[in-house]
Amino acid sequence: MAALLGSVARAAESDSLPTPAQLKGLSLEELMDVKVTLASRQAEELSRSASSIQVITRDEIRRAGIFTLPEALRLASNLQVARIDARDWAITARGQNASTANKLLVMIDGRSVYTPLYAGVFWDAQDVLIDNIDHIEVISGPAGALWGANAVNGVINIVTRPSEEMDGGYATAAAGTFMRDLEAVRAGGKFAQDLHVYAWSRRFRHYPSDLPDGSNAPDAWGLSQSGFRSDWTPNPRDRLTVIGSLYQGRASQPTTSQTQPSQVAVGQIDMDGENLEARWSQGNGEPAGIEIQAYFDRTARLIPSTFQEDLRTWDLEFQHRFPAGDRNAITWGAGYRLSQDDVTNSAVLQFRPAYRDLHDLNLFAQDQIEVWPDRVRFTLGARLQRTAYSGLETMPSARMAWTPDSRNTLWAAVSRAVRAPSRIDVDLYVPSQPQAGLPLSVEGGPDMGSEYLTAYEAGWRTRMGAMMSMALSSFYNRYTDLRILEAASDSVAVIANGADQDVYGLEADAGWQPTPWWQCRAGATWLKKDFRSQAGHAQIPVPGISGEDPDAQYSLRSSLDLRWGFTASVWLRYVSDLGSPAVPYYSAAGLGLGWAWRNLEVTLSGQDLSERRHQEFQDGSRTAMEIPSSASARVAARF
Amino acid sequence: MPALLSAILALSGPAQAGPDKAHRVQAVFLFNFAQFVDWPDSAFHGPKDPLVVGILGDDPFEDFLDEVVKGESVRDRPIVVKRFKRVEDIQECHVLFIGANEASLLDGRLGSLKERKILTVGESRDFLAQGGMIRFVEEDGKVRFKINLDAVQEADLSVSSKLLKVAQVTMTGRE
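Protein sequences appear in the order of chains A and B. For the first sequence, the residue numbers in our numbering are 1 to 639. For the second sequence, the residue numbers in our numbering are 1001 to 1175.
Just so you know, the hints here were simulated from the structure itself, not pulled from any lab data. Even for Gly, the Cβ is constructed at its ideal location relative to N, Cα and C. Among the hints, a few may not be true.
What the hints assert, rightly or not - A few chain A residues that face chain B, going by a derived Cβ cut-off under 7 Å, partial list only:
| no. | residue |
| --- | --- |
| 1 | 18 |
| 2 | 20 |
| 3 | 23 |
| 4 | 24 |
| 5 | 28 |
| 6 | 374 |
| 7 | 405 |
| 8 | 406 |
| 9 | 410 |
| 10 | 414 |
What the hints assert, rightly or not - Chain B side only, calculated, beta carbon under 8 Å to chain A, not exhaustive:
| no. | residue |
| --- | --- |
| 11 | 1028 |
| 12 | 1060 |
| 13 | 1067 |
| 14 | 1100 |
| 15 | 1144 |
| 16 | 1146 |
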């Protein structure tokens, strides 16, 4: 009996579902003990949710030969993930991608990892040990009503595994031709009744990308990280989680020499930081519950002779959810964030004032109304936020989900989202350098206000048969007051709000499992943009100001579970060309072969195999960088 | 707030082979109900007649329930699974699972099923209050069930103590 329960318990941990034989062999008491929550209630909730959501599972990440977080994000077909070079990525959803893409909220375990410097993410500093990831939640579309300013085009939350799953040890080592090497260890255990802790350490180094002529770009980099997580669960409903990590990294960066623009010199970036987060949640799995979260995050970045920043963030948030009557589920909360941004100015790049305290306060509420129980649900929500630069902003949202039967959900939503100004919009000062081709000085505008989005969305989610499911989402986004550069005088260019843009498109995602050992996933996104300057602005045209976005993206993944512990996966993606600056279309094919035996795992993978090297993104006037095809091998052991 | 986001998201991707875990466990419970509940002889036409497990409305079990009862029998009666679109279609039936979408439309007709000695099982919020007999709930992430003993006894059915021991028993249907 114990062995059978063990296999069901293992099925509970893995993603595979128990068979009739496995469950029939259990006694009544054992049957009552089988954990089902994560697979059922949330599966039902996912199918009824009124947004475009994709979840990247641990299993999918494992099969895809992935070492870093941005690579894992490629698995969500509703994201635009463009690799600029060995270290930099341009990641967003639904358009307006840039290396400083500022419309996506990214969190790791609820801790925001975007920088208030430009409201984007430094992807070379934000990473996790891939095996620690439980799943990644990706919402495309505005989620400002819940998550605030910056959740304009989407929200990503990377969720790490709870401590009680991590008893024992784990060690992994990998080497490759593009990613250079990775070593990581992790150990966890039970320290007291209901208290589990695990600690991990990871070192990662990466080779440089290619210049168009095939020689090495000077952008090699490396990152070392260590962290821990502890969970105390005095009862199944309550949990205290403490998570912390610190990191240190160094990267080379190609710089265009000021005096000889044709020569590419090497600059060096140093980065380091630490963070600590505590979260108390009460009432998990129950209709009523409370959550309190606090975190501290310090991140520092040094680019010699150019820029140095030390940013400290203090964040406190509270959330309460409770049922009201039979048909209403109310969630409300409040939060405060203090960002202390300390910049050391240089001759070429300045922020005025160099030091600033940015205060951010928010209040939100949401009501999920079962208008027709189990069939029609309305979700009404709004968030009030007092941002550091733009005063009070309101982000309302109305969503509806109709579930005519257990296989189909149709949903529609109208929302307003806000991208509040960041330091770069207001405090930036770049002095003119006529000899380097920069005739005007560039300044942030003190009147720079928020960018606004009114979004109309609709979607359909369906399950066809037991093995196939599909989701289609359409959106029509109207952006106003987008950021532009305009001439304030003969010698000064100013950052201001001065453009509107309509973006509309479609996202499709389908999953198919023709046999229990063969699964496929396909995704596609299409979008069209219409960028218009507002009257009364002397706009200076900047390539890529409206975002660098492909009209179409396609992806296909197929994975087989073979005999003797082997898995084989193949993946393909196609991204159409980017307009301005021009980047041609590209396709990337990958292969992965995995072997698991007892507590050992070996993976071999090849990435970007369809072209010798290809460019995915052009970041302004920086040197074009290309991603070479590559191979890697990884070994991991658990004990 | 990760819990908020997690509360509206699933862990598995869109492709799922068959019913989710909770419904698999429920299917095996239905099989157990067939074994641990006694029907009077009048509920069957003959001594070899099969014990029918019926599903009214949306079927969340797909093939899984059929797999579970395949080749099984209770007191020499084979167990079969039948699916019904409307209450009127139900002929001989002993255990009837009523999908969430159907239950809200049944209202008051659960009573007529009682007279036919059918053990009604459901998931919806008001199931027991409307006269249903067993309701599946999820507690602590596990499948539990509540039995309205009054309704069961009014239908001339008797539940084995094995089942009563693990069930949450209520007498009047009020939870």
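Verification of the supplied hints:
1. 18: holds, 6 Å
2. 20: Nearest chain B Cβ about 4 Å off; hint holds.
3. 23: holds, 4 Å
4. 24: holds, 6 Å
5. 28: holds, 5 Å
6. 374: The hint holds - residue 374 of chain A has a Cβ within 7 Å of chain B, the shortest such distance being about 5 Å.
7. 405: Check passed: Cβ of residue 405 of chain A comes within 6 Å of chain B, closer than 7 Å.
8. 406: holds, 4 Å
9. 410: violated, 15 Å
10. 414: This interface hint is violated because 18 Å lies over the 7 Å limit.
11. 1028: holds, 4 Å
12. 1060: Because about 6 Å separates residue 1060 of chain B from the closest Cβ in chain A, which is inside the 8 Å limit, the hint holds.
13. 1067: holds, 4 Å
14. 1100: Given a least distance of 5 Å, the restraint on residue 1100 of chain B holds.
15. 1144: Holds - the Cβ of residue 1144 of chain B comes within 8 Å of chain A, reaching about 7 Å at its closest.
16. 1146: This hint is violated: residue 1146 of chain B lies away from chain A, its Cβ roughly 13 Å from the closest one there, beyond 8 Å.
Going through the hint list in order, the structure does not satisfy hints 9, 10 and 16.
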